[in-house]
Amino acid sequence: MLFGAITQSVPALLIALAVVGVLTPVFKKVRGNWKIHELGGRAKPVPSRWFLFGLDVVERAVVAARANKYMELWEGWFKIAGSRTIEISIIGTRAILTDDPENIKAVLASQFHDYGKGEPFRQDWKSFLGDSIFTTDGQLWHASRQLIRPQFVKDRVSDLDIFERHVSHMLEQIPRDGATVNVSDLFYRFTLDTATDFLLGQSIDSLGTPQVEFARAFADIQKHMSNKSKVGPMGWIFPEGKYKKDLKVLNSFVEPYVERALEMRPEELKSRNEKSYNFLHALAEFTRDKRLLRDQLVAVLLAARDSAAATLSWTLYEIARRPEVVQKLRAEILGRLGPNGKPTYADLKEMKYSQHVINEALRLYPAVPFNMRMSLKDTYLPRGAGPDGLGPVGMPKHTIFAYSALTMQRRVDLFGPDVEKFDPDRWENWTPKSWQYIPFNGGPRTCIGQQFALTEMSYVLVRMFQRFESVESRQTEEQYQNCDIVVSPGAGVPVSFKLAGVP
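Residue numbering for the sequence shown is 2 to 504, as defined by the numbering used here.
Simulated from the structure, these hints should not be mistaken for lab results. Errors might be hidden in some of the hints.
Straight line, CA to CA, 25 Å or less: simulated SDA-like cross-link-like pairs of lysine to any residue [as the list claims (entries may be wrong)]:
1) Lys-80 <-> Arg-295
2) Lys-127 <-> Pro-240
3) Lys-80 <-> Lys-329
4) Lys-329 <-> Pro-240
5) Lys-224 <-> Asn-430
6) Lys-243 <-> Ala-492
7) Lys-118 <-> Asp-162
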């Protein structure tokens, strides 16, 4: 009898559970909506066919990423919503997307302590970047920054011998007979050699041995993590098998250097650094934590190698189609240094047109095109809500904030009608307004290696155009933006150089 009563109640129980299952996300949405309006309001939404789940938003993001149209996806969403601050929701996870300078300034600077990378980000990226400067918040982040900052003081940045060694090697790889060369490939190998020399005291010599397994694995790891980040809580759709194999390649390369450094006594490390500096030995003087050294090393390697290589690649892509820019650049270089003079740090700072060329490349192609933060407590954004879009946006704790320097630095309303044109001359008598140009981010988390990267890129351009008098594009495949962690030219940069003094 008892069994029969239980059996009869099963359908009712299942119905009740189904109702709860359906209503729970609805109640969560109602409660979340109340909290959002208590703090401010909602931004304009990206229309979704799936009211509660937003899976079509994920689909559009995946399709755009595969088609290398991620910038166009964001621009399309901004246009559809009629706002530069919009919101999406994926399986109940709310995210704000923006390229509004005021909102970016708030998150990166004026409301810095309200936002951070967040624990979900740290956990997602932990196997790759660990508890490094790029993944942590609060005291952990502050300790990382204090550990790394002294390694990028002016004395280190202005020591140009490390650049000279590897630039000379790179220039020897460029055909002197005008044959086509993918200069982007050379730049990535050059910056890897420079970065490993600076960080480890020993170059990987990828210019001499192009097929380096570590370099391939490093690039594929970034592609995997970038793909995951583009779909938020749906990151699990990307299989991890190959990623884990690539991590083993990365760790088997980095860890022996860390172990050798830890075998040395602090006095020995200090003595060696006084004779010949390297980043890892300098860090090992202050910490004996193997995992911490590994994490910081990988994080700085990522920044030191990829950002400069991508920017140099885009620079050559643009100027190879503009002989007048190359002519003006070379005239400045020869006017100060002649065809053979080695530039000093002061020389590089004085060559304004060279700086304008790099600034313009960084405007059109900021190294990190998309970035994110998360609200660490209940807070708000200055604007984006209300009928006019000028009201504050409510940001309950754990709301994702994604922003794009790539789309912001191409806004016609901020930079004028010729915003898509590569024009170094615009920098002659013009300075972008605060927070409208952030190629190295901004606020307390501004890139520590900014001067190192700018010095390296300037040095490359100077030495390159002392030796070669012109460069010509040999691009046949349509160029596209490969938006991983760093934005790079997806079709490479095939060019041909003309050696100076050769008819």
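Evaluated hints:
1. Lys-80 <-> Arg-295: violated (43 Å)
2. Lys-127 <-> Pro-240: holds (17 Å)
3. Lys-80 <-> Lys-329: With a Cα-Cα distance of about 38 Å, the restraint between Lys-80 and Lys-329 is violated, given a limit of 25 Å.
4. Lys-329 <-> Pro-240: violated (49 Å)
5. Lys-224 <-> Asn-430: violated (39 Å)
6. Lys-243 <-> Ala-492: holds (24 Å)
7. Lys-118 <-> Asp-162: Judged against 25 Å, a Cα distance of about 36 Å means the pair is violated.
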